[in-house]
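These are the residues of each chain, in order.
4 protein chains.
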Amino acid sequence: MKLQSSQYGKGRVRVVKIIREGAIHTVKELDVKAMMRGDFETSYTHADNSKVVPTDTIKNTINILAKDHLGHDAERFALYVAKHFVAKYPQIHEATVEVKERVWQRMGDQPHSFTAPGAPVPFCHAHVGAGGETLESGVSDWLVLKSTESGFEGYPKCEFTTLPETKDRIFATSCTATWKWSAHPARFGEANAAILAAMVKPFCENYSASVQGTMFEMGSAALSACPEISEIHLAMPNKHCLLVNLSPFGLENKNEVFTATDEPHGQIEATITR
Amino acid sequence: MKLQSSQYGKGRVRVVKIIREGAIHTVKELDVKAMMRGDFETSYTHADNSKVVPTDTIKNTINILAKDHLGHDAERFALYVAKHFVAKYPQIHEATVEVKERVWQRMGDQPHSFTAPGAPVPFCHAHVGAGGETLESGVSDWLVLKSTESGFEGYPKCEFTTLPETKDRIFATSCTATWKWSAHPARFGEANAAILAAMVKPFCENYSASVQGTMFEMGSAALSACPEISEIHLAMPNKHCLLVNLSPFGLENKNEVFTATDEPHGQIEATITR
Amino acid sequence: MKLQSSQYGKGRVRVVKIIREGAIHTVKELDVKAMMRGDFETSYTHADNSKVVPTDTIKNTINILAKDHLGHDAERFALYVAKHFVAKYPQIHEATVEVKERVWQRMGDQPHSFTAPGAPVPFCHAHVGAGGETLESGVSDWLVLKSTESGFEGYPKCEFTTLPETKDRIFATSCTATWKWSAHPARFGEANAAILAAMVKPFCENYSASVQGTMFEMGSAALSACPEISEIHLAMPNKHCLLVNLSPFGLENKNEVFTATDEPHGQIEATITR
Amino acid sequence: MKLQSSQYGKGRVRVVKIIREGAIHTVKELDVKAMMRGDFETSYTHADNSKVVPTDTIKNTINILAKDHLGHDAERFALYVAKHFVAKYPQIHEATVEVKERVWQRMGDQPHSFTAPGAPVPFCHAHVGAGGETLESGVSDWLVLKSTESGFEGYPKCEFTTLPETKDRIFATSCTATWKWSAHPARFGEANAAILAAMVKPFCENYSASVQGTMFEMGSAALSACPEISEIHLAMPNKHCLLVNLSPFGLENKNEVFTATDEPHGQIEATITR
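Chains as they are written, first to last, in my numbering: chain P, 9 to 282; chain B, 9 to 282; chain S, 9 to 282; chain U, 9 to 282.
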């Protein structure tokens with residue numbers, strides 16, 4: 009039997025880069041796949057790994073190059089990475105780099121608060137029974153991110169604790185919010201929009217001492233903004249963006265390059281009333 | 009053994025309603041779940057269906073009520089439907105109606121062209137090899153819909169044909185577009201935005217004789233708008249919105265109430281060059 | 009601008025075929041995609057649909073050919089369908105037919121009861137608080153199907169009813185079952201397996217007058233089989249398999265060819281206790 | 009405004025445990041969610057984190073307790089973890105632990121080779137055109153895992169390398185295999201089963217020096233087993249199971265507790281011919 013063709017590489021390398029232009033941040037979130045073709049036949053046929061650049065090294069390379077070469081145009085980064093592999097390793101004859109981008113759109117003119125366009129998904133629930141009727145509205149999949157002005161400190165430590173305290177982290181979540189109507193507004197669409205706008209304000213403007221604290225501020229703002237709702241429930245998975253350790257490569261990572269993760273995730277939930 | 013509690017109903021009833029205000033259309037797309045509680049114990053314990061309003065009837069009801077009672081606020085519709093079930097069938101003691109909405113946002117000030125906010129997802133592909141380099145950009149999950157000015161006629165009929173010809177249907181798709189760069193623009197982000205804007209124009213403004221015809225117009229517009237691309241590939245699943253037959257209920261459906269479907273779907277693909 | 013290449017067709021055509029060999033049924037469930045290449049350029053460039061076999065006709069064809077040509081090997085059917093399109097329509101020069109199969113594995117030596125191998129997914133929930141502890145186990149995504157011995161009759165009709173009564177339909181569901189432990193068995197793994205085995209028996213052996221009736225029998229069997237559980241909750245979406253109307257094509261469909269659907273779906277839920 | 013209720017914790021903590029009974033391994037893969045209720049109000053209302061056990065500590069705890077307390081019954085582990093949180097931290101009044109299990113079923117009587125039941129999904133592709141016909145069959149989502157007898161050594165190191173060499177790791181993949189027919193077997197179903205069975209053998213029985221090497225052995229075995237196929241394409245994402253570092257907690261992890269990951273993943277692909 010013989011090897012007709014082959015390729016290998018790393019998929020789903022999720023890089024988040026904060027581009028800082030003064031106090032103005034831009035967030036690029038990429039999902040990168042890098043595949044190599046070249047002189048790798050003996051790894052298949054003779055258990056010879058001597059030319060196989062590990063896929064772990066491919067992942068490291070993407071993160072390292074993101075520090076200095078990922079800017080506003082993902083195209084330039086993809087091309088740079090592909091060229092790097094072909095230039096650096098003689099056994100790599102071809103490289104393909106595929107990038108999918110999650111767009112983080114600036115909220116208004118906020119310097120470091122973002123939302124993924126298109127979300128959130130509106131929903132409503134009506135219940136009618138012997139005890140009368142209840143009506144709730146809400147949104148799911150509301151992706152919001154602040155690239156600074158968020159920390160987590162002062163928590164209890166025990167022998168199972170390894171988390172370092174921080175005054176500066178990324179806060180990213182896919183929020184689900186559900187509010188209960190005590191009266192009907194003239195137009196639900198407008199009232200729902202006002203509730204979302206009210207929640208955006210503390211998210212953008214206040215330092216976040218914890219997801220819990222920001223959640224309470226957002227829920228309180230919603231209740232203040234809309235007299236027709238009596239309570240609001242918020243659920244926020246903490247979509248951790250992990251700072252990439254670039255020190256093994258002689259680089260300092262000043263909160264620039266992160267790995268986006270979906271799992272494991274913190275999960276914070278609360279119901280706030282008047 | 010005994011029945012402690014139960015509920016039943018219909019989920020994922022996908023209603024599309026075109027609300028017409030003069031020539032201005034609004035599109036509401038809802039995914040509805042309606043669940044009933046009440047006097048249904050003997051259906052579980054004694055094979056007695058005499059009180060079980062079929063889930064098929066629940067689905068019919070949602071479609072029928074959508075004709076006259078689904079307006080701009082999904083909340084009012086959800087509550088109306090829940091009340092209807094409790095009022096009409098004495099054996100139903102409680103009804104819960106849950107609605108998730110796919111938002112269709114008007115494109116600019118177009119009267120009947122819409123996009124789902126947030127999509128599309130940008131991507132790019134770089135390839136570097138012995139033969140040089142290639143670079144492509146594109147978008148996936150670009151949800152666009154026109155609520156009229158689309159038809160399909162003049163196709164060949166055979167003994168396996170049942171499709172009726174139409175001059176007025178909904179055209180909804182989740183477009184994937186991929187364009188190849190022959191030169192690098194100053195800013196990819198701006199060039200990509202210009203390409204999308206160019207494709208929107210024929211989609212909104214021209215009568216669509218087929219997905220094929222509109223696809224060619226969109227691809228041609230992209231090539232005209234951006235001299236740095238040499239070809240464009242488009243793939244459009246035809247996300248059929250089926251007109252609901254309301255005549256069994258004595259109602260005429262003047263292109264108002266549709267069922268959104270994901271499967272089966274038409275699939276149209278083409279590559280357009282200069 | 010010019011058309012460089014194109015193809016079109018229908019995707020996600022979901023065909024279910026019951027193959028009857030005496031009283032022994034075999035169920036084939038296919039998800040078919042059929043794509044055409046050929047002389048279709050003017051449909052893109054000149055709004056000329058005169059050669060475009062509608063994708064709806066493609067879907068009809070797959071269903072019609074399934075009646076006589078879909079047997080145990082999906083490969084033979086795929087090839088037959090591809091040849092049919094090229095042979096029948098001169099404008100079609102190439103056809104590609106892609107088939108994905110959902111395997112329905114016979115339960116033991118049952119003649120008409122099946123399960124999708126691999127499912128179900130086991131889960132458990134532990135809660136510890138001031139009021140003590142509770143423990144539940146269960147399974148989700150338990151795909152089971154009976155190809156006959158299921159009906160639905162005797163339900164109330166009203167002006168919104170269109171469903172015909174039937175004594176013979178396919179019963180397919182993706183069951184989620186959750187049971188509560190009142191005592192701990194010696195081995196949870198064995199107890200869970202015994203509970204599943206007990207539920208299978210009435211599903212396979214008894215005529216189903218409704219999802220509700222079968223659900224109660226299954227739950228009762230679980231409680232009988234395992235003294236350590238105090239109650240069981242079952243949730244069964246009714247994954248409707250719709251009989252395909254072949255009469256427009258001069259064929260009789262004797263419960264042989266169905267369309268599998270995921271939406272809309274019935275949803276039946278109950279909690280059964282001792 | 010006031011906090012009515014709240015809970016928080018960690019979701020999607022994916023633990024893999026190899027249970028060793030002599031040379032016989034058992035693999036438990038759990039997806040754990042642990043949620044806490046208690047005296048946390050001031051974290052929402054007063055930016056006071058002094059009682060908030062970090063969700064990162066919750067994740068550590070699940071991994072640490074898995075070492076000694078995760079056995080054959082997931083129920084006992086879930087209950088143990090829930091009790092631990094309530095007992096250890098006075099501010100936690102209630103804990104809920106939810107576990108979903110991916111079942112890894114022993115392949116035959118192999119000591120350390122496993123498959124997830126239900127997968128793989130069969131597929132086939134037929135193409136008919138002017139150049140004749142081609143037919144392929146295959147499977148996707150074929151989940152296989154070996155818990156030892158796999159390593160990766162002798163690869164090139166550079167300044168971007170951090171991966172340590174290993175002679176003992178978990179090899180887990182979701183294989184897609186596609187084979188091309190040069191002749192038609194009497195029964196495709198039987199031929200396909202023979203091809204899968206042939207590929208299983210080197211996967212189970214041979215030491216794996218790399219995904220590449222095992223892939224070539226599997227493809228070669230398929231070609232040897234079935235004279236009617238001319239080539240086979242294999243694609244294997246390397247679903248890395250990362251050894252959990254338990255040394256900060258004074259524990260040695262002798263290849264017992266791992267974190268299952270979906271991203272990033274290695275991706276190895278090859279076509280093998282005669």
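To be clear, the hints were calculated from the coordinates, so they are not data collected in a lab.
One should not assume that every hint holds.
Computed list of lysine-lysine pairs in BS3-like fashion (alpha-carbon distance at most 27 Å, straight line) [to be verified]:
| id | chain 1 | residue 1 | chain 2 | residue 2 |
| --- | --- | --- | --- | --- |
| 1 | P | Lys247 | U | Lys10 |
| 2 | U | Lys247 | U | Lys165 |
| 3 | B | Lys96 | S | Lys165 |
| 4 | U | Lys108 | P | Lys209 |
| 5 | B | Lys59 | P | Lys41 |
| 6 | U | Lys96 | S | Lys247 |
| 7 | S | Lys209 | U | Lys188 |
| 8 | P | Lys59 | P | Lys25 |
| 9 | B | Lys59 | S | Lys247 |
| 10 | U | Lys25 | U | Lys188 |
| 11 | S | Lys25 | B | Lys247 |
| 12 | P | Lys108 | B | Lys59 |
| 13 | P | Lys10 | U | Lys91 |
| 14 | U | Lys108 | S | Lys188 |
| 15 | B | Lys247 | S | Lys209 |
| 16 | B | Lys188 | P | Lys25 |
| 17 | S | Lys96 | B | Lys209 |
| 18 | U | Lys247 | P | Lys247 |
| 19 | U | Lys165 | P | Lys96 |
| 20 | B | Lys247 | S | Lys188 |
| 21 | S | Lys108 | U | Lys188 |
| 22 | P | Lys41 | P | Lys262 |
| 23 | P | Lys165 | U | Lys165 |
| 24 | U | Lys165 | U | Lys262 |
| 25 | B | Lys75 | S | Lys165 |
| 26 | P | Lys165 | P | Lys175 |
| 27 | U | Lys25 | S | Lys188 |
| 28 | P | Lys10 | U | Lys247 |
| 29 | P | Lys247 | U | Lys165 |
| 30 | U | Lys209 | P | Lys165 |
| 31 | P | Lys75 | P | Lys209 |
| 32 | S | Lys96 | B | Lys165 |
| 33 | U | Lys262 | U | Lys25 |
| 34 | P | Lys41 | U | Lys96 |
| 35 | P | Lys188 | P | Lys209 |
| 36 | P | Lys59 | U | Lys25 |
| 37 | P | Lys25 | U | Lys209 |
| 38 | B | Lys209 | P | Lys108 |
| 39 | U | Lys91 | U | Lys41 |
Of the hints stated earlier, which fail here?
Hints 4, 5, 6, 7, 8, 10, 12, 13, 15, 17, 20, 23, 29, 30, 31, 34, 36, 37 are the ones this structure does not satisfy, whereas the remaining hints hold.
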